[in-house]
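Chains as they are written, first to last, in the UniProt record's numbering: chain A, 1 to 375; chain B, 1 to 375.
What the hints contain is simulated information worked out from the structure, not anything from laboratory work. Small disclaimer: the values here were computed from a predicted structure and weren't measured. Take these hints with a grain of salt, some might be off.
For identical chains, the list gives no copy identity; a pair is met inside one copy or between any two copies.
Here are the simulated lysine-lysine pairs, BS3-like style, with alpha carbons at most 30 Å apart [unchecked claim]:
| # | residue 1 | residue 2 |
| --- | --- | --- |
| 1 | K21 | K46 |
| 2 | K369 | K176 |
| 3 | K133 | K369 |
| 4 | K250 | K21 |
| 5 | K176 | K101 |
| 6 | K250 | K357 |
| 7 | K46 | K147 |
| 8 | K48 | K147 |
| 9 | K133 | K99 |
| 10 | K357 | K176 |
| 11 | K21 | K48 |
| 12 | K357 | K147 |
| 13 | K101 | K315 |
| 14 | K319 | K21 |
Number of protein chains: 2
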Amino acid sequence: MKTDNKLENKDTILKTKRHYKNFPMVPRVVYGRGSFDQLADILLPKRKNSDAPFIFLVDDFFENSDLQTRIPWLFNDQIIFISADEEPKTTQVDELVKKIKADFDEVPSGIVGIGGGTLLDLAKAVAIMLGNKGSSENYQGWDLVNKPALYHVGVPTISGTGAEVSRTAVLLGPEKKLGINSDFTTYDQVVLDPDLTGTVLTEQWFYTGMDCFIHCVESLNGTYLNAFSQSYGEKAYELCKEVFLEDLPKEEAEEKLMMASWHGGMSIAYSQVGIAHAMSYGLSYVLGTKHGIGNCIVFTHLEEYYPEGVALFNKMRQKHSITLPKNICANLGEEEMDTMITVAYSMEALWENALGKNWKECISKEDLKNIYRKI
Amino acid sequence: MKTDNKLENKDTILKTKRHYKNFPMVPRVVYGRGSFDQLADILLPKRKNSDAPFIFLVDDFFENSDLQTRIPWLFNDQIIFISADEEPKTTQVDELVKKIKADFDEVPSGIVGIGGGTLLDLAKAVAIMLGNKGSSENYQGWDLVNKPALYHVGVPTISGTGAEVSRTAVLLGPEKKLGINSDFTTYDQVVLDPDLTGTVLTEQWFYTGMDCFIHCVESLNGTYLNAFSQSYGEKAYELCKEVFLEDLPKEEAEEKLMMASWHGGMSIAYSQVGIAHAMSYGLSYVLGTKHGIGNCIVFTHLEEYYPEGVALFNKMRQKHSITLPKNICANLGEEEMDTMITVAYSMEALWENALGKNWKECISKEDLKNIYRKI
């Protein structure tokens, strides 16, 4: 795995030519309650012609909802409802691309993702694959995308993943769970409407919010951190503490969590996630555990590495009466356990960020097994 | 003055169709010590051909400096050194555009601004005016620019103004001091290299840093504020407190102030500045007072409006042994005083942000005169 976005240690900085990622930011963002209704005006100038549709990929939670009626559907636009019950997959992306190509003669005007991290990552990947050849699994990795994606718009309906602002689209492939990490992945436009997050169920709200909190803990305690990422990470961390430990009015909590997710995603620009994410990737790969809950299940066993973060996490969990599943790995066969460990251990950038260049001396596959067996 | 980027009061929100600014963010940013040396690689793919130059507008503080030798000059590129002793003017922009058009047959590949707020705003305005007809004074206001600007890159060498991230280029015109506030104003690329801020003189460092601090006080205490702007403003405010009240190592202070400026600029997306900026605009217009010091001179007299902010400001001023000029308006003639008040009082959005819709009932021109006479 390449780690081109990492910062060298201070010692090396003085001796080598430094190279920093030229990070793509979302070039357009609208924020505000009700701003979803501006989507029609935003898309209009981007419509190539009446035969080039917009494809709306929407979390099927919103099928037959008020939100569905507000989607600015025109001409031969298509709305595709997708379940977010499972992690997004490369096969799913390839099938969507095939379907869209079969349904339309013209290349679409663009893709709009409406939902949480799953839908947002799917929409990013579909937009990329409509501009690039082959299977999406060939693009899992760093900077493997050569041609621009279609114009794509992200509309988060749940806060925490940071997918709305990140330059990656994390997919479960046949061989790995890994992001399509490229300059073309980032959304061209994001609509941040806190109203849309008002209907989320408590457990999902908590797990996804904790994705942001855990991002921040891992980023702020990582060796890659610089002042740019630190400033975003600290703000997201503070906002998470407010949202999950104080008693904010509902609307204020929705707004602050939406901004926490935004800043938390930005904080990864020059940093990386860490141990919880690496191990959670293993869980997803073998057991299909969803990313948010997977992070939580792992994180609670990482006091040794993130003592302050885990203590705060446990407080938050108790305050919101969240019960995490237990013993999900206790009875796992040796082969599955080995796969899980291999997937997690292969996330080199994450481990190096967490434990430094000599991370293999700090944590062994056996250590991972001991943690997984407790999970 | 239009106030299309403001939020309605809560009461009105429920009754009217809401419209929020679709805010342009800088689409590319590189951050890191020494990142200035990546400028050559960044510009290369943007060069249209060898006859279409890049024009570097550079603060003349850097003439014959090490930085000058590192400017990635190629083919017939042009470096123009400009003094930042005076506020940037519409006439200056028009002259630069005329010179560039006279010097080259081809439209330039782009404009690079290297310096503080003055140079950054000049470069933005020149890039706009090379893509639009007439005099720059015709574009002072909100959304008056119709055609794209040339590709333009901002490289701040002093931190605080937020010009590197904002969608405005503030110019002193024949009739007003007002920004070219448009979607085309924002930089296409920013290079944030904290090394470049290492040579700034203490007083300039303080005044420009206080521009950011005062931004934040005005934004956070304003009626336009929403959660988006609040999150950026709070982070910038915290960073300013660290930089100016704690004893950080020099490098850490440089890095944190660079990020404070960045977030402070972003916090204006959905908010506005306030009383200090309005009154400082009056000072600039009549006396040519530079923006940073002008804000400081005014702000210290605004305890009534910003008690906590002014108390912190005074602590910072004392800690860094900054002596502000006194009595600069005491002997001003009535006519000049009237002009100053008229300019300041005309900044409606700023007053409305500071004091609410009925701001004229809260502060009169006579009140302004009383404050100015003390300055």
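### Task
Go through the copies and call it for K176 and K101: within, between, both or neither, with a Cα cutoff of 30 Å.
Answer is within: at 26 Å inside a copy they meet the 30 Å cutoff, but 55 Å across does not.
#### Entry: Homo-oligomer pair classification [K176, K357; C-alpha up to 30 Å]
within (23 Å within a copy, 57 Å between copies)
### Message
As a check of your reading, is K319 near K21 (CA-CA no more than 30 Å) within one copy, between copies, both or neither?
### Response
Neither, since 39 Å and 37 Å both go past 30 Å.
### Query
Is it within a copy, between copies, both, or neither that the alpha carbon of K369 lies no farther than 30 Å from that of K176?
within (19 Å within a copy, 69 Å between copies)
### Query
Between the shortest in-copy and the shortest cross-copy C-alpha distance, which are at most 30 Å for K250 and K21: within, between, both, or neither?
between (38 Å within a copy, 24 Å between copies)
### Task
Evaluate K21 and K48 at a C-alpha cut-off of 30 Å and name the case that applies: within, between, both or neither.
between (32 Å within a copy, 24 Å between copies)
### Query
How do K133 and K369 come out at 30 Å by Cα distance, when the copy is not named: within, between, both, or neither?
For K133 and K369, neither the intra-copy (39 Å) nor the inter-copy (68 Å) Cα distance is at most 30 Å.
### Message
Please sort K48 with K147 into within, between, both or neither, judging by C-alpha distance up to 30 Å.
### Response
both (19 Å within a copy, 20 Å between copies)
### Query
Which holds for K46 with K147 at a C-alpha limit of 30 Å: within a copy, between copies, both or neither?
both (19 Å within a copy, 17 Å between copies)
### Task
Indicate which option fits the pair K133, K99 if close means a Cα-Cα distance not exceeding 30 Å: within, between, both or neither.
Within one copy, since 15 Å is at most 30 Å while 47 Å is not.
### Task
Give the relationship of K250 and K357 under a CA distance limit of 30 Å: within one copy only, between copies only, both, or neither.
between (43 Å within a copy, 27 Å between copies)
### 30 Å Cα threshold - placement of K147 relative to K357
neither (33 Å within a copy, 49 Å between copies)
Consistency with the previously given hints fails for numbers 3, 12, 13 and 14, ordered from lowest to highest.
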